[in-house]
Amino acid sequence: MAAARRPWLKPLVFAGAASPLVWLVSRALRGTLGPDPVAEVLNRLGLYAISLLFCSLACTPLQIALGWNWPLRVRRMLGLFAFFYATLHLSTYVFVDQGLDFGSIGKDIAKRRFVTVGFAAWCALLPLAITSTQGWVRRLGFRRWKGLHRLAYLAAVLACIHFIWRFKTALLQPVLFSLLLAVLLAVRAAKPLAASGYAHPGKAGRLLAKWRGQPPS
Amino acid sequence: MRIRPSEITPRSLYLRRREFLALGAAGAGALFFPRRAAAASANVPHGRKLEGIKPGQPSTDEKKNSFEEITHYNNFYEFGTDKDDPARNAGKLQTRPWTVKVEGECDKPKTFDIEELLKFPIEERVYRLRCVEAWSMVIPWDGFPLAELLKKVSPTSRAKYVAFESAVQRQNMPGVGAFGAVPFPYLEGLRIDEAMNPLTLLAVGLYGEELPKQDGAPIRLVVPWKYGFKSIKSIVKIRLQETQPSTTWAQYAGGTEYGFYANVNPEVDHPRWSQAKERRIGELFRRSTLKFNGYGDQVAKLYEGMDLRKFF
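As you go down the protein sequences, you meet chains U and B in turn.
Counting from 1, position 186 in the first sequence corresponds to residue 186 in this note's numbering; the numbering is continuous, with no gaps.
Counting from 1, position 242 in the second sequence corresponds to residue 242 in this note's numbering; the numbering is continuous, with no gaps.
Since the hints were made in silico from the structure, they are not lab data.
Note that the coordinates shown come from a computational prediction; the quantities given were computed from them, not determined experimentally.
Heads up, some of the hints might be wrong.
Straight line, CA to CA, 20 Å or less: simulated DMTMM-like cross-link-like pairs of lysine to aspartate or glutamate [unchecked claim]:
1. U:111 with B:257
2. U:168 with B:209
3. U:111 with B:107
4. B:291 with B:193
5. B:83 with U:40
6. U:107 with B:267
7. U:111 with B:267
8. B:63 with B:269
9. U:168 with B:133
10. B:277 with U:101
11. U:168 with B:116
12. B:101 with B:116
13. B:277 with B:304
14. B:291 with B:307
15. B:54 with B:209
16. U:168 with B:84
Bound conformation, chain U alone (with noise of 0.2 Å):
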């Protein structure tokens, strides 16, 4: 059995995601969030929700790039946690920054296309988050279910866009979630292509294969 080779990855995994949101409740409570704690916490919240989502995002292509198994057993987690942190940032906007005001919500998602495309990656999740259980994979069916969860890569990429919007100039953070993502991307297409490279070994094949240290051929 897989679960019992390493039994320590789900609690460790687990703990891991949730770390970042007990050092910021006590960061709240010994009142050192700085001046302006509403817009420290909004910020961090988004950026363990993006952070998260990538190290989700980044299961299968460890698989496909290295050959490892495990992070498949914890994707599920990942992108829950993900979510789980997307939810609390966009509570804290809703219920902290806008003060339930649904009016100016409302306006800020028509209107403001940095707060559209974060409203958007949200919605993007929310359906993965629902449909995350075994007992929606068999009800899809296993092709659809993953035909869905592709809007993960959706949700990655508004997540980005939001992000470099919400800046006045353009910063390195954002912009390296942007490459990362393009790479994450890149392993994910060059999988056919290394499938088909078994066969007739193209230039991205052979290279994929080699990093699998495997054979080309």
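Start from chain U and add chain B according to the hints.
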């Protein structure tokens, strides 16, 4: 659908729902602002005390932001883009010797030494400061009207605008030349009538002490009815000129996001966010933004007949 009796909120609790909401808000407040006094005790370097400060008008009697808040929440991109970067990095700024060169369309151009500028009659003005990022503070500035300085150089009739330039100390400013940074030196500008308005201040201190470095030491502009980025910090040059000067943020964003005028205006939104409300630093919920940041009585007449959507 049947609703089980156990799921119905008892009437007594239902009637107390407002208390619950209030309790929730108080809880959130306690989470976001615990022990504010403790935060204020953090280590803040204080500048030399300024002598002979007189109270000036106008001054708001709103609750002032603390010295800690004013010195640890800054936009001063020469020292980094995070709000706490200037507090961490501005220590290396060399503020002595310091001169401010006043030149251009004037009869008596002159380079002023900072010690000379500190001898101008200094008054305290408690102003609201509204950032383009939709947060605000109340700050007790110490300084003198820019008009007093400009009068000393006798502007000519061709002086239609005033251009300002910040110091660049490459060695001491980690944000200069950083990835994606705005071009430096930082440039700002005002129309001459805006510059001569009695509200427009050259600040040399706050809370009765010389300006902390992260707040634009040793001398900065304060234009309280405009977004904060107009209030240029650490000024080294002031130029009177006939044409409208180009400004850093207008240049950086191609003039689409930050205008030359940048008057606080809840009706004209930034293309990426609303300007209708703001969060006063230290408060949990947003408050409405006032046109001209509440200084309309003093400055609205400067813009009579202008389309403020076009000249944003």
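Hint compliance check: list the failing hint numbers for this structure, sorted ascending. Violated hints: 2, 3, 8, 11, 13; rest satisfied.
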